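Visitor: With positions in the sequence shown counted from 1, the corresponding number in my numbering is that position plus 19.
Hints may contain errors.
[Claimed, not checked] Label-pair ranges, simulated between beta-carbon atoms:
1) Cys178 <-> Arg129: 55 to 61 Å
2) Cys178 <-> Pro140: 55 to 61 Å
3) Arg138 <-> Ala100: 17 to 23 Å
4) Ser34 <-> Arg176: 48 to 54 Å
Calculated directly from the structure, the hints in this document are not laboratory data. All values reported here derive from a predicted model rather than from experimental measurement. Note that beta-carbon positions come from the ideal geometry of N, C-alpha and C, so glycine has one too.
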Amino acid sequence: MSSSARPIRIKTPVSDHAMYVTINDIVLNEGTKYEQRRPFEIFVNSKNLDHFQWIVALTRIISAVFRKGGDVTFLVDELKAVFDPRGGYWQPGGKFMPSIIAELGYVIERHLQSIGLLRKPVLDEHQQKLIDEKRAEFEARASRPTRLRSRTSRKARSCARSAALRRLS
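Using the sequences and the hints, build the whole thing.
Guide: The following block contains the structure:
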């Protein structure tokens with residue numbers, strides 16, 4: 020059995036303490052052309068004792084599903100679909116997370132993608148072209164120098180225009 024390189028840290032604004040997720044894998048048919056890495060167990064640690072009961076229960080159930088075998092990828096969608104009734108939170112970088120459980124689903128999804136049980140989403144050529152165009156537009160706007168206009172400079176320009184118009188008339 021081997022574990023992931025290091026625990027994954029989940030820090031949310033709804034808790035003072037971070038959670039650390041470790042997923043241990045098992046390698047089936049090691050050394051053969053049928054070698055496959057599969058998740059075997061999951062651990063979630065936190066100093067926050069408010070979440071202790073449900074964390075222990077959830078990790079035991081997820082680990083039991085991992086050990087049972089078969090298609091375990093359904094867990095990702097089930098966990099990502101859990102919404103906190105008090106509302107979710109925004110992660111740094113602007114991604115909305117509907118709940119702590121959903122974030123745990125995203126962590127498991129990334130792990131399953133890294134070991135080859137789930138494919139990373141692939142964009143078709145039109146979607147990729149649209150993203151590239153929007154990125155180019157954003158970069159072009161970001162590289163342009165911005166000229167901040169204060170209220171006084173606007174007023175000064177307005178007075179100068181008025182004075183120029185009076186001279187012309």
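Visitor: Evaluate the given range 48 to 54 Å for the C-beta pair formed by Ser34 and Arg176.
Guide: holds, 51 Å
Visitor: Please check whether Arg138 and Ala100 have a Cβ separation lying inside 17 to 23 Å.
Guide: holds, 20 Å
Visitor: Okay, Cys178 versus Arg129 on CB: inside 55 to 61 Å?
Guide: Given range 55 to 61 Å: holds, Cβ gap about 59 Å.
Visitor: Could you tell me whether the CB distance from Cys178 to Pro140 stays inside 55 to 61 Å?
Guide: Distance hint for Cys178, Pro140 holds at roughly 57 Å.
Going down the numbered hints, you'll see the structure goes against none, and every one checks out.
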